[in-house]
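**Student:** Start from the sequences, fold in the hints, and give me the full structure.
For reference, the chains in residue letters:
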Amino acid sequence: MTVRTDGDDELLRAVAQGDRNALEALYRRHSPWLMLRLSRRCADPGLVEEVVQDTFVAVWRGAGRYRGAGEVPAWIWGIGIRRMIDGLRRRPAGIPRATAEGALMVSAEDEVLVGVEHGDLGAALGRLSPELRAVVQATVLDGLTTKEAATLLGIPQGTVKTRAARARRELREALA
Amino acid sequence: MTTTWHADDRTLAAYADGDLDDVRASSLEAHLFTCDRCRLGLAASTPAVPLDRIWAEVVDSIDAPRPGLVERTLLALGVREDHARLLAATPSLGLSWLLAEVVALSFAVFAANGADGPDANLALFLFLVVAALLPVAGVAVAFGPGVDPTYEIGTAAPMPGDRLLLIRASAVLATSVVIGSLAAIAMPGFDAIAIAWLLPSLGLTLATLAFGTWLRPFTAAAAVVLTWVAVSAAAVVRTHDGLTAFGPGAQIVCVVTIVASAMVLALRRAAYEEGIGI
Chain F
1 MTVRTDGDDE
11 LLRAVAQGDR
21 NALEALYRRH
31 SPWLMLRLSR
41 RCADPGLVEE
51 VVQDTFVAVW
61 RGAGRYRGAG
71 EVPAWIWGIG
81 IRRMIDGLRR
91 RPAGIPRATA
101 EGALMVSAED
111 EVLVGVEHGD
121 LGAALGRLSP
131 ELRAVVQATV
141 LDGLTTKEAA
151 TLLGIPQGTV
161 KTRAARARRE
171 LREALA
Chain X
1 MTTTWHADDR
11 TLAAYADGDL
21 DDVRASSLEA
31 HLFTCDRCRL
41 GLAASTPAVP
51 LDRIWAEVVD
61 SIDAPRPGLV
71 ERTLLALGVR
81 EDHARLLAAT
91 PSLGLSWLLA
101 EVVALSFAVF
111 AANGADGPDA
121 NLALFLFLVV
131 AALLPVAGVA
141 VAFGPGVDPT
151 YEIGTAAPMP
161 GDRLLLIRAS
171 AVLATSVVIG
181 SLAAIAMPGF
191 DAIAIAWLLP
201 SLGLTLATLA
211 FGTWLRPFTA
221 AAAVVLTWVA
231 VSAAAVVRTH
241 DGLTAFGPGA
251 QIVCVVTIVA
261 SAMVLALRRA
271 AYEEGIGI
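Protein sequence lines, in the order shown, are assigned to chains F and X.
Position 18 of the first sequence, counting from 1, maps to 18 under my numbering, and the rest follow consecutively.
Position 51 of the second sequence, counting from 1, maps to 51 under my numbering, and the rest follow consecutively.
No lab work stands behind these hints: they were computed from the structure.
All of these numbers come straight from a predicted model, not from anything done at the bench.
For glycine and all other residues, C-beta sits at the position ideal for the given N, C-alpha and C.
Here chain X is said to cover these stretches of chain F; the calculated rule only asks that three of the stretch's residues, wherever they fall, bring their Cβ under 8 Å from a Cβ of chain X:
no., segment
1, 43-57
2, 121-135
Far from chain F, some chain X residues (derived; all Cβ distances over 12 Å):
no., residue
3, Thr73
4, Phe110
5, Val130
6, Gln251
7, Ile252
**Tutor:** See below:
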C-alpha cells in the first residue's frame with residue numbers, strides 16, 4: 001500500500017466519502033498508539049483488540065459526524081476509551097479489568113526514583129500512591145466522567161470521588 | 001508539528017512494553033496526540049501481527065450488510081442476535097406489513113367515527129372483524145414455502161422448526177395485539193366490546209397453526225377464516241345482531257378452540273420439523 005501523507009482531517013473527509021484507502025491510512029497511523037494506550041488500561045488483550053476494531057468501524061461510520069473540533073487523534077481516543085468502558089461494563093467481574101491495582105502497580109523503589117527524577121508537578125504526581133494516580137489519570141488525563149472512571153478502574157463511584165479529592169489535596173500540598 | 005521535544009527510542013520502547021512509569025507515560029500519551037514522528041517511532045515497536053489481523057476484521061465488519069431498522073430495534077431491546085435475524089426476516093414483521101395493519105385499522109376506526117345509530121353497530125362489527133383477522137393473516141404469511149425468504153434456510157437450520165414457528169408466531173401475535181389494542185382505544189366511546197376481537201383472533205391463529213400441521217399455512221388460514229366467517233354469518237342472520245359473532249357464546253367457543261388447537265399443536269408439532277404441508 002502506498003503511504004498517504006495527507007493530514008488527518010483530509011483523510012477523515014475522504015473516509016466520510018467512503019474512501020477505504022483513507023481509512024487504512026488512518027488505521028496504520030493511529031492503531032499502534034491506540035492499542036498500546038488501551039493495553040495500559042486493560043489487562044485483557046482480547047478486549048483491547050476488540051475495542052480497536054470497533055473503534056475503527058465507528059470511525060468509518062461516523063467520519064461524517066466529525067466536525068473538526070479538536071484533533072483527530074483525540075477524537076479517535078474518545079471513541080476508543082468509551083468503547084472499552086462499554087466492553088468492561090458488559091463482562092462479569094473477575095476478568096482482569098483495569099490496571100489500578102494490577103499491572104500499573106510500581107515498586108516502592110521506582111516510586112522514589114520517579115520522585116527524584118522529575119521536578120514539580122511530575123514529582124508530585126509520581127509521589128501519589130498508584131491508586132490515587134490511576135484516578136487522576138482516568139479523570140483528568142483521559143477525560144472520563146466519575147462513572148466511566150469507576151467502570152474502567154473496577155471500583156465504586158464513591159471511591160473514585162474520595163480518591164480524586166485526596167489526590168487533589170496531596171497535589172496542592174506538594175505544589176504549595 | 002511545531003513541537004521540538006521528542007521522546008527518545010528507549011522511552012518509546014519502554015512505553016510499548018508497558019514498563020514506563022505512570023507520570024512519563026501520561027505525558028507521552030498527551031504528546032502522541034500531536035506528534036507524527038513519535039507515533040511512527042512507537043509503531044515500529046508495536047507487534048504488527050495483531051494490527052494486521054484487526055485490520056482484516058475491520059474490513060469484514062464494514063463490508064457486512066448493516067442490520068435493518070427492525071433488527072437493530074430488536075437488538076437494542078436485548079433480543080438474541082439469531083432470534084433478531086429470524087424475526088427481522090419474517091415478512092409479517094416488516095415495516096410494510098405493520099404499516100398495512102395500521103392503515104387497515106385506521107380505516108375501521110375512521111368509519112366508526114363517522115357513524116351513528118345502526119351504522120355505528122355495523123362499523124364496530126367491521127372493526128372487530130378486521131382486528132380479529134389481522135393476526136391470522138400475519139401468522140399465515142410468517143412462514144412456509146413461497147412467502148418466507150428464509151424458508152429453505154429454516155429447514156436446514158439447527159433450530160427445531162416448531163421453535164422457529166413459535167418465536168415468529170408469538171412475535172407476530174404480540175405486535176398485532178398491540179396495534180389492535182391501540183386502535184381499540186381510538187374507537188369512539190371506547191368500551192370493553194372494542195377488544196372483543198382478542199379471543200377470536202387468538203382462536204383463529206392457533207387453529208391456523210393446528211391445521212397447518214396438515215395443510216400449507218396459507219390453505220389452513222383460508223380454511224379457518226372461511227369457516228369462522230360462515231358460522232358467524234349464520235349466527236348474525238339468525239339474531240339480526242352483528243355483535244353476536246363476538247358475544248359471550250362466541251367467546252366461549254373461542255376458548256374451547258384455543259385449548260383444542262393448542263393440544264393439536266403440541267401433539268403434532270413434529271410436522272413443522274419435516275417441512276410444512278408438503
